[in-house]
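Student: Work out the full structure: start from the sequences and follow the hints.
Sequence lines, in order, name chains D and W.
Residues 41 to 156 (our numbering) make up the first sequence, in order.
Residues 428 to 540 (our numbering) make up the second sequence, in order.
I should point out that these hints are in silico values taken from the structure, not numbers from a laboratory.
Any given hint might turn out to be false.
[Said to hold, decoys possible] Which residues of chain D face chain W? A partial, calculated answer using Cβ under 8 Å: (1) I49; (2) Q82; (3) G83; (4) L84; (5) K89; (6) F130; (7) K143; (8) L144; (9) T148.
Ideal Cβ positions, reconstructed from N, Cα and C, are used throughout, including at glycine.
Here is how the chains run, residue by residue.
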Amino acid sequence: AQSVTQPDIHITVSEGASLELRCNYSYGATPYLFWYVQSPGQGLQLLLKYFSGDTLVQGIKGFEAEFKRSQSSFNLRKPSVHWSDAAEYFCAVGAHYGGATNKLIFGTGTLLAVQP
Amino acid sequence: DGGITQSPKYLFRKEGQNVTLSCEQNLNHDAMYWYRQDPGQGLRLIYYSQIVNDFQKGDIAEGYSVSREKKESFPLTVTSAQKNPTAFYLCASRIPPGDTEAFFGQGTRLTVV
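Tutor: Okay, structure coming up:
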């Protein structure tokens, strides 16, 4: 069955520091992978996605993520964090094909705090 | 502008009452989803629908019901059988099968009083 693990529940970084949020997935075939960001009391906004091809994908707001099949990981990175990046981040995996497994499975999220 | 609209943003319900959360999209997406969000538990799938007049249970469907009579609408009813309904509910839509992202509404916060 599909599953997503985000091992870090809460992370605090200083403004200007680099950031890496971890995501590990479990899925039998090549997955579709997503990172979303959520501000308090709001819906989710897509940061980036991986379907195929180049394993390093660029997203909005200066974020990037790298797909590593051998490690079943899709970690999110940003070289320099801004105070406005404070939010909750969700990794998700989607079915590669339709039918009964056509759904998105989300991790439990990582809450990012940014220190001045 | 295209998007997903959830209403109301805040909803209060007395114990023992059913309540319906609205989700409307004008993105012409076939697939729609309902998720429940609780602190520390991420998003859990309640129901999803891949096409009009068809829907499947997600991981936590007990105490909930849905309908999909129109492509643009996917209302969620929280019944009195749901033992702990206080949560943040998110609706999403996408173009199936898997190689597209989901678009989310702004959520409805349901509180049982």
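Student: Next, verify each hint and record whether it holds.
Tutor: Going through the hints against the structure:
Evaluation of the I49 of chain D hint against chain W yields a held restraint, the C-beta minimum of about 7 Å falling below 8 Å. With 8 Å as the threshold, the beta carbon of Q82 of chain D comes within range of chain W, its nearest partner Cβ sitting at about 6 Å, so the hint holds. Proximity of G83 of chain D to chain W holds as hinted, the smallest CB-CB distance being about 4 Å (cut-off 8 Å). This hint holds: L84 of chain D has a C-beta 4 Å from the nearest C-beta of chain W, less than the 8 Å allowed.
Checking K89 of chain D against chain W: minimum C-beta separation of about 5 Å stays under 8 Å; hint holds. Because the beta carbon of F130 of chain D sits about 6 Å from the nearest beta carbon in chain W, less than 8 Å, this interface hint is met. Taking 8 Å as the C-beta contact cut-off toward chain W, the hint placing K143 of chain D at the interface holds, the least distance being around 5 Å. Hint status for L144 of chain D relative to chain W: holds, with the closest Cβ pair at about 6 Å, below 8 Å.
With 8 Å as the threshold, the beta carbon of T148 of chain D comes within range of chain W, its nearest partner Cβ sitting at about 4 Å, so the hint holds.
In the structure shown, no violation is registered for any of the earlier numbered hints.
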